[in-house]
Amino acid sequence: MKKLVKGGEFMVQDIDAADIFIPEEFDEEQQMVAQTCRDFLDAEVFPNLEKIDKQENNIGRTLIEKAGELGLLGISTPEELEGFGQSFVTSMLASEVMGSAYSFAVTYSCHTGIGTMPILYFGNEEQKQKYIPALTMGEKVGCYCLTEPGAGSDANSGKTKATLSEDGKHYILNGQKMWITNTGFGDIFTVFAKIDNDRVLSAFIVERDYPGVKFNPEEKKLGIKGSSTRQIFLEDCMVPVENLLWERGKGFRIALDILHMGRIKLGGNVLGAAKMAIDQSVNYSNERKQFGKSISNFGAIKYKLAEQAIRTFANESAVYRASSNVDEYVAAHLGEETKEQAIVHAFEEYAVEAAILKVYGSEMLDYVVDEGVQIHGGMGYSAEMRIERGYRDSRINRIFEGTNEINRLVTIDTLNKRGAKKDYDLYGQGEAVVAGLADLDGCSCCVDGYYENKLATIQNLKALGKMLLTAVSKAFGRKMMNEQMILNNISNIVARIYVAESTMLRVKKKEEVHGMDVAINKDILDCLVYDTAEFIRKEAKDCINSFVEDKEEFDLYNKGIKYYSCAKGVNVKAARERIADVLIEENKYCF
Amino acid sequence: MKIVVCLGNVPDTTTKVKFGDGTAFDKTGVQWIINPWDELALTRAMELKEDAGNPVSSVTVVTVGGKDAEPTMRKALAIGADDAIRVDTDARDAYAVAGQLAEAIKDKGFDIILTGIESSDYNGSMVGGMLAEMLDVPSVSAVSGLTISGSDVEITRDIDGGKEQVSVATPLVATVQKGIAKEARIAAMRGIMMARKKPLAVVPAAEVETLTDFVSFELPAPKPPCKMVDADNVAELVDLLQNEAKVL
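Residue numbers (this note's numbering), protein chains in the order written: chain A, 23 to 613; chain B, 93 to 340.
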């Protein structure tokens, strides 16, 4: 059995291409699940986009019920709770397809993720039996109530209070929650509140018809207009004591673990939306004629199409690599703990990857829809075209499930802690890179062999990332986490390394293990690795320029940046043209 | 009463058709689906079976095709068919397909044999009729309604300007068209999980005479460019239709 990888370990350890899961390996059953999701969207969602955006006749709820009838709400829920006990990868694939459903993507992911999973993962047997089957079958709709007007990113600062009633049978909740998805038709709310004068949160299962639960009208939003978003007021809300989730004071842990899961899932959601936006972009650019020919013939448009595809392919490679790591972790720990405990621990384990997928994925989609609008020209600004809706709906992804700002810090904070704990030799390797800077000589990007060269570049970029982490850690010590601008540089570097490496391993596995034709994939990889190295060079320079004052040290670090960020030159024009030409020929995303 | 539905494994209707060197359809990267007319037949078969008033004991699906047809078969099982038979050979032409189907179906006691009125790839509309002849059972074409009445089948056919009602004794072959069933079914998760446990028999191809040879394929000529005429400019439109398109 292959060795289980640790979260964030990719920075210190290379792995074999054969050891990652790639989307080309979905089995027939997984593909059938994906097809069912597509059939559902074609039948129920896409013909009703206007109605969904206007929230006509509670259509979001009706769609959840219909998805429930098809079993799409319980893909990875255990069979004894009316689910289908499938792998995390399978549920990610469903999330990917459902991610193209505009507003309903949010309704669905909220219900199946943050709306259901707190009870499944942290509920006791009675709580699970009482709530999970109904949530899985779509008879009840789930919501997650963490954010408050004064507690957003600083979630633990919430003011919602819980006090025990005199008879000891109820917690009495008072407070206000906002930006709560699915509230308009939700039934079951996981509500976070502090018991008495606790400094930490606890979590409660609150039902809609408990006394003291009140709602504001729908929020008016920029996008995802069809997803119900309201404020909830808890006014002396009587919650039975048996509805405390897990234990008193464990709420923040629940919140964080659920957010880790939501972040990985978001990486899948944006993938489906991106592929659809590319389809729309290619279709339109093939149809639209200017100067006597389709605009897809023009280099300026080809660049955009190719770049949309490169980033989407890269995101996909990373998403399924990390998702499979979750399944592998669960498989390795079953027996020692329950499946639910194992999956929660897997989310904690891969917190670095989850944060990366959230940030890279949401920014990838924003790029794809932005260029999608641009390719559509004036029509892209018209509500007549679906790309306009996609553009608006994309924007939320950088905000919810922890803002990208928080997630950039989570990436580095988690990596730093694991390095400091010596879970792996992050700082030892960083020290070694720093110690070797004076001796660097020659060209680092002239390694022969296609994959050998790509591997060398990625190893060098990792060395650079570790050098910077070590330098920052030395310079700021325990105050390191206060240096958000500098940490953002390093977080961006770490994220790009993970994505580029995942893409490289995927292409290599396709070719070397499965014998597939990867000519176009290599064009994608060439552009991606080249761009990644150039991007990282700038981030690294910004980082060093920001705090290194000693001239000798500064020169040494810059020498390291120059050496380690060197990537072999690529004819990016020719590569992007070839990528775009395939998209144009197929008239859809096809990698 | 036993129903068998003949399923064609066809390229998704959005497939960009390519012919390689011009003598064969290029299957690379093609997404395969159940022929939409056959899917209507399957849907009706499931409706008949689910209606407790009908004495339907099983719904079998049968196809002629290679291993790459199995995902399509399993989808049919996920939708609710009880078992599947794949005749292990390429679906060449209507005569060959009908011959293979007849061999696979005969002597198995099927009462209602359903096929779609045509397939969305070659659109031959011949298999149903040929199959009935080979099985020596009645054939009813263009069926838009089908109910069971005792050991007979009550059939509605769309005819010019109206509908025709026919009562046919089983066994029979009915080639069905739109209107036969409600909306196509989506394979539910439960069905997908059950599909793996249902039997999918692979039977060797029978000796069936080859009557056709593919000589060449070609794609339709690209559409000529569209000319836009201003809504107010009727004279120009008439002129173009008369002198350029020469249709007036």
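None of these hints come from the bench; they were simulated from the model. Glycine included, each C-beta is placed from N, C-alpha and C at the ideal position. Hints may contain errors.
As the list claims (entries may be wrong) - Covered, in the sense of this in silico footprint (three residues per stretch, anywhere, with C-beta under 8 Å from a C-beta of chain B), are these stretches of chain A:
no.: 1; stretch: 46-53
no.: 2; stretch: 93-99
no.: 3; stretch: 192-203
no.: 4; stretch: 215-224
Hints versus structure:
{"no.": "1", "hint": "46-53", "in the structure": "holds (count 3)"}
{"no.": "2", "hint": "93-99", "in the structure": "holds (count 4)"}
{"no.": "3", "hint": "192-203", "in the structure": "violated (count 0)"}
{"no.": "4", "hint": "215-224", "in the structure": "violated (count 0)"}
The structure shown violates the earlier hints numbered 3, 4.
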